[in-house]
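Please build the complete structure, drawing on both the sequences and the hints.
4 protein chains.
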Amino acid sequence: MSATARLLIECPDARGVVAAVASAVSDSGGNILEADQHTDPDSRRFFMRLEFEPEADRSSFEAAFAPIAEARQMAWRVRWGDTPRRVAILCSRETHCLSDLLWRWQNGDLPGAEVVLIAGNHDTGRALAEAAGAPFHHAPIAHQSAKAEQEAELERLLNEAGAELVVLARYMQVLSAGFCERWRDRVINIHHSFLPAFAGARPYHQAFERGVKLIGASAHYATAELDDGPIIAQRTAPVSHRDTVQDLVRTGRDLERVTLAEAVRLHLQDKVLVSGRRTVVFD
Amino acid sequence: MSATARLLIECPDARGVVAAVASAVSDSGGNILEADQHTDPDSRRFFMRLEFEPEADRSSFEAAFAPIAEARQMAWRVRWGDTPRRVAILCSRETHCLSDLLWRWQNGDLPGAEVVLIAGNHDTGRALAEAAGAPFHHAPIAHQSAKAEQEAELERLLNEAGAELVVLARYMQVLSAGFCERWRDRVINIHHSFLPAFAGARPYHQAFERGVKLIGASAHYATAELDDGPIIAQRTAPVSHRDTVQDLVRTGRDLERVTLAEAVRLHLQDKVLVSGRRTVVFD
Amino acid sequence: MSATARLLIECPDARGVVAAVASAVSDSGGNILEADQHTDPDSRRFFMRLEFEPEADRSSFEAAFAPIAEARQMAWRVRWGDTPRRVAILCSRETHCLSDLLWRWQNGDLPGAEVVLIAGNHDTGRALAEAAGAPFHHAPIAHQSAKAEQEAELERLLNEAGAELVVLARYMQVLSAGFCERWRDRVINIHHSFLPAFAGARPYHQAFERGVKLIGASAHYATAELDDGPIIAQRTAPVSHRDTVQDLVRTGRDLERVTLAEAVRLHLQDKVLVSGRRTVVFD
Amino acid sequence: MSATARLLIECPDARGVVAAVASAVSDSGGNILEADQHTDPDSRRFFMRLEFEPEADRSSFEAAFAPIAEARQMAWRVRWGDTPRRVAILCSRETHCLSDLLWRWQNGDLPGAEVVLIAGNHDTGRALAEAAGAPFHHAPIAHQSAKAEQEAELERLLNEAGAELVVLARYMQVLSAGFCERWRDRVINIHHSFLPAFAGARPYHQAFERGVKLIGASAHYATAELDDGPIIAQRTAPVSHRDTVQDLVRTGRDLERVTLAEAVRLHLQDKVLVSGRRTVVFD
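Protein chains in written order, with my numbering: chain Z, 1 to 283; chain E, 1 to 283; chain Y, 1 to 283; chain X, 1 to 283.
Worth double-checking, as some hints may not be accurate.
One copy or two, it doesn't matter: identical chains are merged, so the pair holds either way.
Think about it this way: if two alpha-carbon atoms lie no more than 20 angstroms apart in a straight line, the pair counts; the simulated EDC-like pairs of lysine to aspartate or glutamate are [claimed, not checked]:
{"id": "1", "residue 1": "Lys271", "residue 2": "Glu55"}
{"id": "2", "residue 1": "Lys271", "residue 2": "Glu53"}
{"id": "3", "residue 1": "Lys271", "residue 2": "Asp243"}
{"id": "4", "residue 1": "Lys271", "residue 2": "Asp283"}
{"id": "5", "residue 1": "Lys271", "residue 2": "Asp247"}
No lab work stands behind these hints: they were computed from the structure.
Structural data, given as structure tokens:
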């Protein structure tokens, strides 16, 4: 784990905020490695991400920074880089995204992650989970009447495992509005289309019917409205009339894997801030 | 102009059709340069494009081919490559697509085209048209009540000019269902989004609001339903939270120019066949 | 396995060859599904690929086709689609390409392949091989003096396994000119650069030094001259000044996996023909 | 013209520099709009770009900032955004890049530019220059003996026009080492290949011979060594065996136009800093 710290800020745009924050970090002995900022042109909200080598310990820094933050009405958080982030992965029958994420995790490609739970409504992910040394929970699709209960059990497991991020690796179940609200900006979904085109079910079939010449994949934070959350990353790939729906599915798998991994990596690096329906991605 | 001929065929899929067509061309002394085919998996319709150096003249070839075509219920057409295609371009206030097409035409980048008419509801295209030596017709936006009359006048001009292809180079006016039907598969529109996302008005504003990470452009044949015709070509380009709507517009212009020119070139080479809501593009 | 057959032809370009081949297939009762052709403009060599549903059995077809082929000086081969292709994979310490290929194979993404041997100069591939049920051969890097002997042993294993295709999945050892000649057009290598840029060792370091804004991966048939064989597939991805060499390595892994898999799939579908230093890829 | 100011800094990496610079700008009454920074991992050089709305006038700001800069051994410059940049364009027989740049300039796509001189060794650019209202200088290719003299005359014209940036829009003449040195980091060239592949003459022919599956374009600062300067932007596009050299040239034109325009726009926005053989591009 890297020993850097990351400071994330959102506040009303105002003169002097960059200087105030940079000075606070410097005054605490910190050496700024990266600084990114953005002002949303509509809301006039200011977003900032600083990565720095800290000298002070976490609580001293937070104590020193709190009054500066208060004076400027900042929403802020700081992450000390030596704490891994606890990640849960939910999957279904198709495991290409799950196996890809696990491969990356095991090969150092998801720095800062610790996979603490894998759960699926099919059992197909179990072998992959076990090979990666991560606990697997199998929750077969419940009767409609038992859905709420099943989600509550899932949430209990997530909390028990101390999950900080939930990755929906082609998890085909719809999460309740309440769940999405409680885990706001902490659930990343991969949808297998170029959103907002082809939201909902069977996007590759929809794409084939419409005769598009590119297909896409979109990684976004899950919200109560299906496939409508803030988009983190999107990719497209060319297709042609020669491609059947099955070809779209196959080509799409590569898009989905890479797009989801990109979004998860950005989140783990604290490079994604949510600004209404949009994301600020400091890549 | 190249001296090659192009034979385009659509018929029910059946054994022996490739051999029958290839033999017919060979028997007429033709030398096949390119042969492409496709069978739509749903409709079982067969599509073929042959490009060949002909020996026979056009009418002899057609007379010899007609019985073969009839026996297999073919819809077919043949184009002798030494006849340029008469192209009309409709534009509006924004001229980036018009100027791009004219530049390509003058620089040999649209082989087989002859621009015979340019019409616009703003006068901004006139100077470009005149510099390119093409006649310009200015038709200011009419009162709602006069729209039908204006379209009729436009259609009269197109017919008078002998237009075989109409390119909507960011022509922002909606064409009537009747017009679209009469000019079916001969009107190419460029829509400034990745269809079917953001059909209709102000797609860059819609894209900005939704916070997409890629924008797109789609060239398609115009049909009665707006932005719903068979897609010929699509492209996307990455954008970020730093991009304003104006940045999307600027980036999009480059996408639009290249995507429209690609679709027009494919059409001029007789490489696009329409199959229901989809296109077969033999590129 | 699909029950289709594939006929691959190379011969001098001449009038009537498409008709002759298509008729031969039809006369044998075959139903042509796909037909692609290409004439190299320099060498005037003609290349063709036909995929068809055969009615005759293989030997009858070959007997009937041989005189047609002889008359036109064709180099040709036909593959009956119900025979899987025997594939060997060679790897080294880095296993991202190996694990990706095995994942695809197990998930039906490499139709027509049977992995019959995996060999590596490190032991890191063993667990992956065993999980996939493929035999693993470990051959540690030999003293320079024993290299020829080791290659001979490897070749013996490949022959014993009946390998028809050898995939170098980031196999970092140079194969001898003799080996490359004997396995001509049957060894696919992935090089981690956009060839011909950065051939040879440490291409990501070279790319970093040069300050390129895109990195690439190239899949090609191995020839006696290092990284100089006919290219089958290439891809690029954007990078920036923020990327360290390690970032290029990480981004590059995704390019390598997808580019190699694409080339292997095209080869398995008999869609790649070699034309001097270039390939004809009927995709 | 925007009324923002841009401050560009290069100095040894050290603790507190971000805070010092941000405070200096704030103390002068400036409102920071964008701040980007980068530390080269090899040289430990620190690069920074700040865009701000100034309150002080230029000379007051410079007077206040000079001691801060001196204390940290900064190379720095500040550009007040209301001064347009004087741009010269050199071209040759092919005018696709010239016409594209002029179109962009006239349509507000190159904010901050003023085209003050166009020069070419063919006369083909004259009509374009005149239509755009820019002076054109025709300098036919000289005898080898007169080359130095001709370059001197060109340089005299550039100086007379007050050119701050020279764009080589497919200018096929080699500039002397002395010229490149005097105009260091102020001459942008477009090379029609994916550098470092196919440097030098006839890159599309080289690409065709090699059988690559992607072609590229590279915009870079010109240096004494041909096609070896720091790269600003690169793009690639897919090609296939069907493409002749002429097809590569045509496809390449679109790449060249967009890649060169992107590099020029980035330079005009002061977003490109040179770090040895590499560029830092704050896009």
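Hints the structure fails to honour: Hint check: 1 fails alone, others pass.
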